[in-house]
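Participant: In the order they appear, the protein sequences are chains A and B.
Residue numbers for the first sequence follow the numbering used here, beginning at 1 and rising by one.
Residue numbers for the second sequence follow the numbering used here, beginning at 1 and rising by one.
There could be a bad hint or two in this list.
If we take Cβ atoms under 8 Å as the criterion, some of the chain A residues that face chain B in the derived model are [claimed, not checked]:
id, residue
1, 168
2, 175
3, 452
4, 453
5, 589
What the hints contain is simulated information worked out from the structure, not anything from laboratory work.
Even glycine gets a Cβ: it sits at the ideal position worked out from N, Cα and C.
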Amino acid sequence: MQLDNYKEGIKLYNAQNTSAHMVKSNFVIRIRQYKKLWQSIKNADMTHPEQHYIIQGVRGSGKTTMLRRLAIEVEEDQQLSSWLIPITFKEEEYGISSLFTFWERIAEELAEFNSALFGTLFEKVDDLEDNEIKQLIAVIDQTLITHNKKIILFIDNIAELFEQFSQHEGEILREVLTTNNNVRIFGGSAVRLEAFFDNTAPFYQFFTVETLTGLKKNETIALLNKLSEHAGEKEQQTLKLLLKNEPEKVESIRRLTGGIPRTMVILFNILVEGAKGSTFRLLEETIDKTTPLYKHRMDDLTAQQKPIVNAIALNWDAISVKELTEKTRLPSKQISAQLRQLEKQWIIEKTTTHTKNHLYALKERFFNIWYLMRYGRRKDRKKVIWLTQFMEIWCSGEDLLKRANVFAQQLNRECHPHAAVMIANAFVCSEQLPFDEKTKISSAISQFLDKSGNGNLQKELLPIENSAVQQDQELVKLLKLFREHGDKTPTKETQELEQKLLESSNTLMLGCFYYILEQFEKAERYLKQLDDASARFMLLVIYSIQEQTDQVIELAYKCIQEGYFEAALLLAFAYENQRDFSEAEKHYLLAIEKEVKSSQSKLANFYYKRNKMELAEKYALLAYHADEDEALFKLLAIYQKQSKYDEAETLALTEISKGNTDERLYISLVFSCIYQGKLDAAESYLQTEQLSQYNFLAAHFYLAKNELEQAKTHALNSYQQDNFSPAHKLLALIYTQEAKYELAEKHLLEVASEDIYAQLELAKLYVKQPQLKPKEHALSLIEQIEEIPQASTPLVIQILLWNNQFDQAAKKMIQTLSIYTQQIDDYEEELIQLFTFFLAKGQTNLVCRWFKEYDLSERFKPLYYALMSLMESTYPNELLRMGSELKETVDEVLQHIESLTQKYK
Amino acid sequence: MAGQVAFGKHYFPREKDENKIWRRLNRGSHLLLLAPRRVGKTSLLRHLESQPKDGYVFLYNIVQSCSSVHEYYKCIIDNLFRSEFTNKLSKLSQWSTEKLNDLKGSIKGLNISEAGIEFDNQEQSLTHHDLKAVLEKIKINQKLIIVIDEFPDVLEKIHDQHGHAAAEQFLAGCRELWQEPNLDRNIQFIFTGSIGLDSLVNKLNLSDLINVLMTVTVTPLTTEKALAFIGFVSSKGQENLILTNEIKRYLLEKVGWYMPYYIETLVLSVEDHCCENDITSPSQQDIDMAYEQLFTQNYLSNFNHWAERLHRLEKSEQRFAYESLNHIAEHGEITLSDLHNNKASPTNTDVNTGYVIECLKHDGYIFENGDDAFEFTSPMLKEWWRRHAAR
């Protein structure tokens, strides 16, 4: 790619007219390909027909520059230029309509090159008839032989040129290419060569195709470095910092542009111009600068092609003829014919499928982006933005929320209004941002536009959601369902629901909705508007949670009157907060009277805090017998506090005898004895089978006895011998961190059989460090656990998969999915991990089913395309829809899957 | 070789095939060189031309653009009269200018200029008689071997554009030349082309007209030759790759069918891969990656001719070909009973399935594996078919 001095303006579109010196000094990428091509010219004496080349690549990929660079080198090589004449056909070479005129042009160029040698040639040629093509070639050939010269043709847009030739002319050309050793061709083509790879043009095989692909990361940086060199010290520094601090910006755009150098040059131009803002803003400017290129491309389209390209571009993902028929209302036959043409023009890319329904997408992703930004309806724009956003999240790992916040805060007059709108829209379309954030952004952008005098852009802003109004009944149903799952975090579903509610203007529902979501400010706004008992109670709860005691006291009485007796408890809390203990007590008692849940243990706690131990004990005991939450430990604490160690001991023993293994019971028990001074009893409890492992307590016991040596021994024993889980787990944790896995394992192994958490820790260690033990160990560990805490389910699933227990793993996964997908934001990481693990174990069909069932393909797009890549034989069409900018990410996912496959064989 | 016909130092010697041709030429036969596309027929023939055994002189003709009997003979006669060839004759047999002029005057109403032959009467139409007249005048001590490349294309065009009778007449004219006793001792023909002439004449029911031709085929390289070929190809690159014998063997394993084109295609991909990743000594994994790379967009043009070849078939024949190849791609082979079953399918009742299978065999898609079944000739081809064509 040729780069011009930035300050002189970048001559992006006319590499052919740039000076030889500029071309040479700025040639910094495609070096390897250049060297290869140059060697093939330099080392050939052309005694036999030589290899012909075609350099193919999309517009802006550097074909012209490459041809130009080679031509310059031929010209400047003294040895070569003595016998080899470079002839360059300009990018826009008009007037060549046949093989005859093509050779005629060569004769012309030769005459121009050296009129002394070739002046008469042109006259001879002039005498020939148009159908005497073979004669024409023979004459030129003879003249070259006579003067001991050979020619090398550099032909840009060679496919378009060859397309002018009839089949017969193509065959003649093939004969020449095979047999003539005086002519060599280096072509450039932005058209897929397959366009003429058929029987009508039988010369293709005589070309070696050199493809200029998108630049890789390091090439991009090399290019930018060279550019900054031109731009001066200040820009060099700017670039250096940018690459260092925000490489994702370059990376993101590189992916979006497909790594096309010309676009990179534009990008750099924007960079050094000091454009501020995020990648989107750079992109926006890039798009403006790219418009001439693409406008030209669009203008080149025929009237029939335009609507087709439009439909394909707006669809972003690959599209079938059938879909195109629906969108354009053109007959499919016509569409197919145009598609073939567009494919040749390299505007679209066909991806063949099993069926006749091939898929078509715009070949150059950046062109598609440009198109969507320029011509896209709002709805369609969303897609590109969303994808970019997804990429950003994936690549940089940065928190979207943070970006949103920064964006909203940094909207000021220096911002490019259109770019700001773009980004705001992108955020608003994101499914991962909470409604609040979107509202914030909406209002921030709105304000910004007004303040900056861009109010006319308001209409470009996307609404936060836009669903149809639903019937109340359905909302109730949804709300109920939603409530049952207790989801507090905004998800796609909750946002849809919210939108429906907003549209239905159902204030109660909205209040309720926000109440459930714990968005209290909003909830309050709606609930306050209502004269409704349930609304009042919700409002009361909100006030209570927010410790707005005055409001609670004001409202609670009415709620109690309306039969919301929980209000009594809230009122009690409020009075307690206000240190009005008598009113508090009164209402605790009222709550108990009205059988409000947990009210007894709450009152017990109230008395406990007031140090009214008898009353506390009374209500704690009642609560304990009523099986209220935490009543047992409250009671134990009350006993301890009253020094009723006997009762505490009895209670603890009773619980232990019932099979309660809560450590606090043992601790309480032993401590009870210790504090009763019943050290013998304590000792005996410590020596019982159940408690023998509580060396840790024994350590305490001996501490109480002031037998320090013993305490120390027991403390050591507590993790060295007695399987006291916390000690071992703690130690194991330390060892794990030190990568002393064997020691960690050792400690966990000691406690694993007794402590399910230790057991799970051990299982986890085995999964993370599969080299430690065969996979069966992890499996047997989890099999021993009767009830595995829900939080450990992903671990269990992984172990099952590792052990090829697919049925069980799938069963667990199904259960897990029903939970996780309700709170998808909370469990995103777990889900990705689990799906990846399933894929690593080759379970593509299962994962595919789940993706469909829970509609996850959009949410986990890279994973989805990785899946489609793995299932290419089954779903060849799906993978083809993937935008090329996702490719690297998907490849990374695939690599990760592959590494897991190897790890968990 | 990938791309252009390989000449001179770019030509990798294939002594076995060369000798096979020489042996047959020595017997005085006219040859039909049969080989799939891209196995290097033209390179082989041009090598024979440039390095002939004593007593032989070659004239190479590519006749693909000829669509009539006249154009066909004009092409050959043009080449005979070109200074390139006449200079060769003069040099070999010390021909005088008179003798050359005599030769050039062997056809009436014909002028020779820089631009080739021209006719006094534009209506004049050349036939095999004219070629015969010219050839009869070439009295040299050497045997003249006239190579006709892409001959089947001409036959097919004459058949398509001028009808069956014209094609039959054209072949009959050719045969007359082959059997002409006056020429027989001095002139021999080698016919070749990327379409199998044998299957074409079979289809056109003209087989008897070419039964004079002795068939000779181009065979894959032996392992030893293939290993040497890898060295030959990789030494041409700038990349200075170190390919151990083990890696070369691994590479060949991937190619499966030791035709130079396929070996070179993979070697080039290996070079690209290594260069992109700064690797000088590729591992098996690198070979795997380079192999994979072959099936990505930028490399697909290496295989496209495989799909194009089938376009020549009728639609129903194409469908049968696809069915069969898909089956092989999926199951590794297609047994004769599978084939039979497919043939019996209602959709294939009108298909000349035998012809299709012959074409697939000739074109190098498949070979009979000795187990009453057909397989893809190369794992590379199979892989490409599986990924790109079988859709």
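Participant: Evaluate each hint against the coordinates.
Facilitator: Hint check:
1. 168: holds, 6 Å
2. 175: holds, 5 Å
3. 452: Violated: closest Cβ of chain B sits about 45 Å from residue 452/A, beyond 8 Å.
4. 453: At about 48 Å, which exceeds the 8 Å cut-off, the nearest Cβ of chain B leaves the hint on residue 453/A violated.
5. 589: violated, 77 Å
Hint compliance for this structure: hints 3, 4, 5 are broken, all remaining hints hold.
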